[in-house]
Each structure stands twice: as C-alpha cells, then as structure tokens.
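Student: Below are the chains, spelled out letter by letter.
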Amino acid sequence: AQTVTQSQPEMSVQEAETVTLSCTYDTSENNYYLFWYKQPPSRQMILVIRQEAYKQQNATENRFSVNFQKAAKSFSLKISDSQLGDTAMYFCAFMNYGGATNKLIFGTGTLLAVQP
Amino acid sequence: DTGVSQDPRHKITKRGQNVTFRCDPISEHNRLYWYRQTLGQGPEFLTYFQNEAQLEKSRLLSDRFSAERPKGSFSTLEIQRTEQGDSAMYLCASSLGQVDSPLHFGNGTRLTVT
Chain A
1 AQTVTQSQPE MSVQEAETVT LSCTYDTSEN NYYLFWYKQP PSRQMILVIR QEAYKQQNAT
61 ENRFSVNFQK AAKSFSLKIS DSQLGDTAMY FCAFMNYGGA TNKLIFGTGT LLAVQP
Chain B
1 DTGVSQDPRH KITKRGQNVT FRCDPISEHN RLYWYRQTLG QGPEFLTYFQ NEAQLEKSRL
61 LSDRFSAERP KGSFSTLEIQ RTEQGDSAMY LCASSLGQVD SPLHFGNGTR LTVT
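Sequence order for the protein chains is A and B.
Numbering-wise (my numbering), the first sequence opens with residue 1 and increments by one.
Numbering-wise (my numbering), the second sequence opens with residue 1 and increments by one.
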C-alpha cells in the first residue's frame, strides 16, 4: 500500500521570502504521479503542481516548484516570493499511474502561515 | 465550468439519524470520488464512480454508508444511523476519464453529529 508522509504540521514564512514544504512517500510502483494541493480557509482544494514520476525534470508553476528525488522517494514544494494569499493547508498526494481508479492518497498536510 | 457543487455546506444531526449529501460534478467529468476529511488529517478516499458504476469502495465505508450515481451525473452519499465518529468534512471530486486528469474538488459538506 502507498503512504504519504508530511512531517511538518505547521510552518511560517515572512512575506516575499521562500519556504520549502517536505513530503516523502512509500510505494513499490514505478509509474505514478505526485501532487501538491492547497486548501485555503474556504476549504476548496486547489491543485498547485504535479509531477510525473517518469520525468526527471522538476515541475515548475510560476512561484511554485518541486524537488523530486525518486530514489529517495521525496517530493518537496518550494514557494518563492511568498504572498499572503499562500496561507493555506498544503497536502502532498500520490496517484498510481494506470490504476483503475486514479484515486489520490493524501498526506496529513502542512499548515503554512505567511506573515506580513 | 461552474465547478464541483456540494449540498448542503453544513449539516448538524443527532446521533442515530440518517443524512444524505449531494454532489454535482463538473459536466462531462465521468469520474467522481468521495473523500472524508477529519480535523488535522488529509482527505481519505471513500469511494469512486466511473459514470454510474461504483468501481471501488474503501474499507472505511461501513455498511451504514451508501453512495449512488444513478444517471452518471450527480451523486449522493447517505449515512444511516449516524454516529459521533462520522463527524467530518465530506469532499466530492470529479475528473475527466484520462489517466492524468486532475481531480477538481468541491467545497465539501461539514457534518456534525451531536
């Protein structure tokens, strides 16, 4: 069974600075996707960024980038130039490629507070 | 694209009562998921539909839980004889049929069992 671990329950960063959120996962699969989702106080989950395991290049979406280390089963999220609107719960998630359901397996989340 | 809609937003019920939640996915999304999220935890998978067929159920989904998607569009999740441990946020998500299609989540239904 796949598991996702986020070891940082809470983090804080000053506005305009950079912060990195950690995520590790465990799987015996070789083909999978990894995701970071953001859940603001309004509670709707929003996809931030995703990474295909077969791609060596780290994904980037504007101020958000990942550091994907497949051998170490590590998938961290870097947020550059942090903004107040980045304050949210961040979830790391795993999806088995080619699985019948494409269900997501989530970590427990990291609550990020961006301080003015 | 109006997004995934869930109703109601909040539900307070007494232990032992039955409750039903509704999810309207994004149109043309044939995959629909239900998740449960408790405080301080990530969402946990409950069940999955492809069109009207329920293809997977988590062992978390006890016999008191039932989900339907009768016409392959909206879905309902019913909890019978609610227990205090059922208190949680129930999230619905939908996606297109492609393997790499992202999941789009609704705002959730917050259930409180007193």
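Some clues are possibly wrong.
As the list claims (entries may be wrong) - Now the in silico label distances, taken between C-beta atoms and shown as ranges:
| # | chain 1 | residue 1 | chain 2 | residue 2 | range |
| --- | --- | --- | --- | --- | --- |
| 1 | B | Lys14 | A | Gln14 | 22 to 32 Å |
| 2 | A | Ala71 | B | Lys71 | 44 to 54 Å |
| 3 | B | Thr2 | A | Thr101 | 35 to 45 Å |
Stated by the list, open to error - Partial list, computed: chain A residues near chain B (C-beta under 7 Å):
| # | residue |
| --- | --- |
| 4 | Arg43 |
| 5 | Gln44 |
| 6 | Met45 |
| 7 | Phe68 |
| 8 | Ala72 |
| 9 | Phe91 |
| 10 | Thr101 |
| 11 | Lys103 |
| 12 | Gly107 |
| 13 | Thr108 |
| 14 | Leu111 |
Quick caveat, the hints were computed from the structure, so don't treat them as lab data.
Remember, it's a predicted structure, so these values are computed and weren't measured experimentally.
From the three backbone atoms N, C-alpha and C, an ideal C-beta is built for every residue, glycine too.
Student: Return the status of the interface hint for methionine 45 of chain A: holds when the least beta-carbon distance to chain B is below 7 Å, violated otherwise.
Tutor: holds (4 Å)
Student: At a threshold of 7 Å, is the proposed contact between phenylalanine 68 of chain A and chain B supported by beta-carbon distances?
Tutor: violated (16 Å)
Student: Look at the Cβ atoms of alanine 71 of chain A and lysine 71 of chain B and judge whether their distance stays inside 44 to 54 Å.
Tutor: holds (46 Å)
Student: Can you verify the interface hint for glycine 107 of chain A: is its Cβ closer than 7 Å to any Cβ in chain B?
Tutor: holds (5 Å)
Student: Are arginine 43 of chain A and chain B close enough, Cβ to Cβ, to be under 7 Å, as the hint says?
Tutor: With a closest approach of 5 Å, the arginine 43 of chain A hint holds.
Student: Does the nearest C-beta of chain B fall within a distance shorter than 7 Å of the C-beta of glutamine 44 of chain A?
Tutor: holds (5 Å)
Student: Closer than 7 Å between Cβ atoms is the bar; does threonine 108 of chain A clear it against chain B? Give me holds or violated.
Tutor: holds (5 Å)
Student: Given a cut of 7 Å on the nearest C-beta pair, is the interface hint for leucine 111 of chain A held or broken against chain B?
Tutor: violated (9 Å)
Student: Does phenylalanine 91 of chain A pass the interface check with chain B, least Cβ-Cβ distance below 7 Å?
Tutor: It holds, given that the least Cβ distance between phenylalanine 91 of chain A and chain B is near 5 Å, below 7 Å.
Student: Against chain B, is alanine 72 of chain A within 7 Å by beta-carbon distance?
Tutor: violated (21 Å)
Student: Is the interface hint satisfied for threonine 101 of chain A? The criterion is a beta-carbon contact with chain B at less than 7 Å.
Tutor: holds (4 Å)
Student: Is the shortest C-beta separation between lysine 103 of chain A and chain B less than 7 Å?
Tutor: For lysine 103 of chain A, the interface hint holds, since the closest Cβ of chain B sits about 5 Å away, which is under 7 Å.
Violated hints, in rising order: 1, 3, 7, 8 and 14; the structure is consistent with all others.
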